[in-house]
Amino acid sequence: MTVFIIRRLLQALLVVFMMSVIVFFGVNIVGDPVYMLVSPDADQADIEAAISRLGLDRPILEQYWLFLKGAAQGDLGDSFIFGEPALKLILHHMPATMELAFSALILAIVIGIPLGLYAGLYPDSRLSKGIMAASIFGFSLPTFWVGLMLIMLFAVELRWVPATGRGDLGSFLGFQSSLFTLDGLSHIFLPALNLALLKISLAIRLTRAGVREAMGLDYVKYARAKGLSTRRIILVHVMKNIMIPVVTVMGLEFGSLIGFSVVTETIFAWPGMGKLLIDAILQLDRPVVVAYLMIIVLFFVLINLIVDILYSILDPRVRLQDQGA
Amino acid sequence: MSAVLEVSGLKTHFFTHAGVVKAVDGVDFTVSKGEIMGLVGESGSGKSITGFSILGLIDPPGRIIEGSIKFNGEDIANAKEERLQSLRGNRISMIFQDPMMTLNPVLRVDTQMIEAILAHEPVSKQVAWERSRDALGLVGIPSPEERLRAYPHQLSGGMRQRVAIATAFLNKPDLIIADEPTTALDVTIQAQIIHEAQKLTKLTGTAMIWITHDLAVVAGLAERISVMYAGRIVEQGGIDDVIDRPLHPYTVGLLGSVPTANRRGKRLFQIEGMTPNMLALPEGCAFGPRCHARTDACRMQPSIEDVDGRNLRCFNPQQAAETVK
Amino acid sequence: MRKLTTATAVAFGILAIGAGAVSAEKLTIGLASEPTSLDPHFHNLGPNNAMSVHIFDRLIAQDEKQRLSPGLAVSWEPVDDLTWEFKLREGVKFHDGSDFNADDVVCTMARAPDVPNSPSGYGTYLKGKEVVKIDDYTVHFKTEAPYPLMGNDISTIPVISELGCDSTTEDFNAGTAAIGTGPFKFQSYTPGESIVLTRNDDYWGDKPVWSEVEFRPITSGPSRVASLLAGDVDMISGVPTTDITTLKGNDDIQLSQGVSNRVIYLHMDQFRENSPFVKAIGGGDIKNPLMDVRVRKAISMAISRDAIVERVMEGVAIPAGQLLPEGFFGVSDKLDVVAYDPEGAKALLAEAGYADGFEMTIHGPNDRYINDAKIAEAIAQMLTRVGIKTAVETMPRSVYFGRASKGSPDGLPEFSFILVGWGAGSGEASSPLKSLIHTYDKDAGFGSSNRGRHSDPETDALIEEALRTVDDAKRQALLAQATERAIENVAIIPTHFQVNTWAAKKGLSYVARTDEYTLATGVVKE
Chain L
1 MTVFIIRRLL QALLVVFMMS VIVFFGVNIV GDPVYMLVSP DADQADIEAA
51 ISRLGLDRPI LEQYWLFLKG AAQGDLGDSF IFGEPALKLI LHHMPATMEL
101 AFSALILAIV IGIPLGLYAG LYPDSRLSKG IMAASIFGFS LPTFWVGLML
151 IMLFAVELRW VPATGRGDLG SFLGFQSSLF TLDGLSHIFL PALNLALLKI
201 SLAIRLTRAG VREAMGLDYV KYARAKGLST RRIILVHVMK NIMIPVVTVM
251 GLEFGSLIGF SVVTETIFAW PGMGKLLIDA ILQLDRPVVV AYLMIIVLFF
301 VLINLIVDIL YSILDPRVRL QDQGA
Chain S
1 MSAVLEVSGL KTHFFTHAGV VKAVDGVDFT VSKGEIMGLV GESGSGKSIT
51 GFSILGLIDP PGRIIEGSIK FNGEDIANAK EERLQSLRGN RISMIFQDPM
101 MTLNPVLRVD TQMIEAILAH EPVSKQVAWE RSRDALGLVG IPSPEERLRA
151 YPHQLSGGMR QRVAIATAFL NKPDLIIADE PTTALDVTIQ AQIIHEAQKL
201 TKLTGTAMIW ITHDLAVVAG LAERISVMYA GRIVEQGGID DVIDRPLHPY
251 TVGLLGSVPT ANRRGKRLFQ IEGMTPNMLA LPEGCAFGPR CHARTDACRM
301 QPSIEDVDGR NLRCFNPQQA AETVK
Chain Z
1 MRKLTTATAV AFGILAIGAG AVSAEKLTIG LASEPTSLDP HFHNLGPNNA
51 MSVHIFDRLI AQDEKQRLSP GLAVSWEPVD DLTWEFKLRE GVKFHDGSDF
101 NADDVVCTMA RAPDVPNSPS GYGTYLKGKE VVKIDDYTVH FKTEAPYPLM
151 GNDISTIPVI SELGCDSTTE DFNAGTAAIG TGPFKFQSYT PGESIVLTRN
201 DDYWGDKPVW SEVEFRPITS GPSRVASLLA GDVDMISGVP TTDITTLKGN
251 DDIQLSQGVS NRVIYLHMDQ FRENSPFVKA IGGGDIKNPL MDVRVRKAIS
301 MAISRDAIVE RVMEGVAIPA GQLLPEGFFG VSDKLDVVAY DPEGAKALLA
351 EAGYADGFEM TIHGPNDRYI NDAKIAEAIA QMLTRVGIKT AVETMPRSVY
401 FGRASKGSPD GLPEFSFILV GWGAGSGEAS SPLKSLIHTY DKDAGFGSSN
451 RGRHSDPETD ALIEEALRTV DDAKRQALLA QATERAIENV AIIPTHFQVN
501 TWAAKKGLSY VARTDEYTLA TGVVKE
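Residue numbers (our numbering), protein chains in the order written: chain L, 1 to 325; chain S, 1 to 325; chain Z, 1 to 526.
For the record, the hints were derived by calculation from the structure and aren't laboratory data. If you're wondering where the values come from, they're calculated on a predicted model, not measured in any experiment. Glycine residues also receive a C-beta, built at the ideal position from the N, C-alpha and C atoms. Worth double-checking, as some hints may not be accurate.
What the hints assert, rightly or not - Which stretches of chain L does chain S cover? Using the computed rule of at least three CB atoms under 8 Å from a CB of chain S, they are:
| id | region |
| --- | --- |
| 1 | 221-230 |
| 2 | 235-246 |
| 3 | 313-319 |
Just need the whole structure built from these sequences, with the hints factored in.
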């Protein structure tokens, strides 16, 4: 197991390195950051001064080499726009995004799996048909539109929750989070729901498919022949089997929740990393884009690793690569 | 000897889109306490369905439409699910054909054995564990404690089937239905399993229905035999009687196609024709199209008659016995 | 027991009323763009400048029409051709209680152009100027040539204390260095979330009505409007044009609009015989028609500015005939908006030898100016109607500006016909004239945004002379003249001036500003 983990981490470093190359040179191809930054009042001399101040007059390979040197010491460069270290900016915005991603995942699990279970066990009931139809909406309606609709309904019309922004922070066990205050919960409710809708639909369909498949398998019939209660058959025998694909997919989706909740964060003015990323891309703030993507890649690799380990725990037939039989 | 199971006029039909499949169409037999009855027939003859019908494990589009199943005097053909659940695995157990499919791959062996006990008896986990270990010992599994901690895929085929057998005996049922338990195993293992089963039934006084397509298996094991064809029993009687002097052309054919030492060199006998299409059974005797001894009378459906001390469904028994030799 | 609780209740009640009496007026504003830093010298960017006005005063203040008035300087006069004397206001204190004097001014002017990591600082405004302290409340600004725009330039520089001069951008963002003399004090800054300011009760000028102001950046237009409708914020800036009609009909919302100093215009390639995106009908090569003033004039006539204002901008714009709207310094009273005359345009084209028209591509950004992509499309349609088959290509500004300025293979402007905007930061006409109309002269710093490379020596001469003329009336005339020549020669084609819209809950209105800033001091109760 340790060898497996070490190997994975080494692979991670390789991927992160490659990502940095692609992004670094890619951003350069998109456009010139200078024109995004300098005031239009500036004359030619000022523009050139800005270019040399940002180090953009050096050959691109030299710029990349300087970046690598800094990266090895933990310095991923300073944001062109904010002047602060890119890493610091990202870490500052990270808790907000983690809160949101985590809440969305919990919603997806708590709402999606039970609904999918019901739809799988009683596929012909009206409620099941309703659930499946609703799950299609979850896939096809654009997040942007749904988010705005949620705001219009719950915040503007009903005035139950605020429209945008993050709420007050509370402390618990040394952690600060807006999840620990009532105000914070009222602020996170709509964006978490918005983000979760797609995941809920996914969970519903995955769970239902898993249940439908499992119910027809011999081990279920055998369990019934042993006289086990339906409850035990479903909650122990069936669930443990279908959790495998569900955990795998939800784990990977969690990665995208962390890295790319851009639309939801923008609509709800949620001060997270996703919004930081899109602004950085639009304004060609290369250091932030590079640093961000490197961090997200690391996250993805880590999540993949955890999912693989979980998989091997859930399904005893699976042995992680490098382990003996 | 008292009858543990009395099946009369059992009809289990499947109402599919393509038509009605009369999988079991009027089956009668009795199993006495401690008796082993062989239920023999080819694929599609309805023998497995008979077994499932007894336990009430027929799922839509199938349904028991007629008949009675008296278990220890109680008719359970239309019993409520709760009653059936309390009987299954407790007073009537089932052993399935392929334990790789029937044992849940993600649960340990001990979990799957202990739950069979706990579903019916409020004992402690420790006691259940000990009983499971003892049961494994009884079926000839060495180091049962280790086997208990294992997962199904870590055991060999024969080992798994022994586990299944041990599980079936756990609650000391009155009747065990074994559905082709050795079909998926090597010949040598087969013999061992059959031996274990025989030993246990003698030990515990459990009655058994051994379902198989292989006459050879049942020959040295059962006391009585029922031969099924196209959903009906065509010949039924004491094992020695039927094997030495088969009366029904189908039984004759079955016996004739068993390769034995005294047939060396001669061509193997084959029953002509194909297994019947259950959606389009012929008029009259279902075996008619393939029967050497067919006469005009066979255009009518024969009913069960008592011929020579056994039950027979045929108009032309005597002639059949001779044509084969 | 009961007596005690009643007494406590009464006590709390009195406290509550008492607290209310000390006018705790809180204002929450939803901003369309977030400042990138609280360091007032870090980045010369609209949102940053607007935020810094709250905390830091300038020597000279700009009102909502960008007219100059005394700020931390009570007077500024030229004492000779090369020197301006600024007399500073006495008795002003910084938020930390220290006194404001000339030392603060000197160090401010030294720091402003030179903040580390600054993407774009204030060097432009302080170039060639030397600051000398004369006494505690007098400073001199010296230049090498007469500099009439001293006031305009100096009005852009926020004044920080000597403490601030020693601090880094991070210190400002953390709040420890955000000490100014302004009407509001720094309270808290959570990037991406909120900036909270509290009233400076010792302010030397008009005390703000609001005891506390919270700015919340909400960059998505629809979300911003929704926040206002939901009551999360009291006011928002940057109301999308599509929402204006609906909000107008809403009794709970009050709109405030005002023209901005931003003109939207078209630049044309006037320096290449073979322009990359201009072709003859059918695709063959053609001598660049945009170099002929008649063609340029025809294009200007072919554009219906009214249609752009009414239909594309939904009424939220003003047709433009020159570089700045009425009322600004340097505006000519002789120029009208060019009338829409498609027949006349066709005739002119024929006269210039292009009766069959030609093919062209218009380039523009799609996320920089209000409705920019739609404007480009409308213009392309109008031009096609008079025979100039125009294709449209818009792109994000991150791609656009680099290419527009030097995207061609030899580092020159890449496009032939572009839609672009210009906001006159200084509030007067020399800004656009200098950067857009004057011949491109890198060393002298002229024509930095003259992407069409228009060049007319007489216009140049007028502009340069105006920049040396200290007498206001004379300078106004020169600037107007230069503008008239530029329009006559169709150096650029202005289409319209942007109008900015703010929306607030009923009972509040905003004094709209031409510099597009959103200031808490401009929010008034009705």
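Against the structure, the hints come out as follows:
| no. | hint | verdict |
| --- | --- | --- |
| 1 | 221-230 | holds (count 9) |
| 2 | 235-246 | holds (count 5) |
| 3 | 313-319 | holds (count 4) |
The structure meets every hint from the earlier list without exception.
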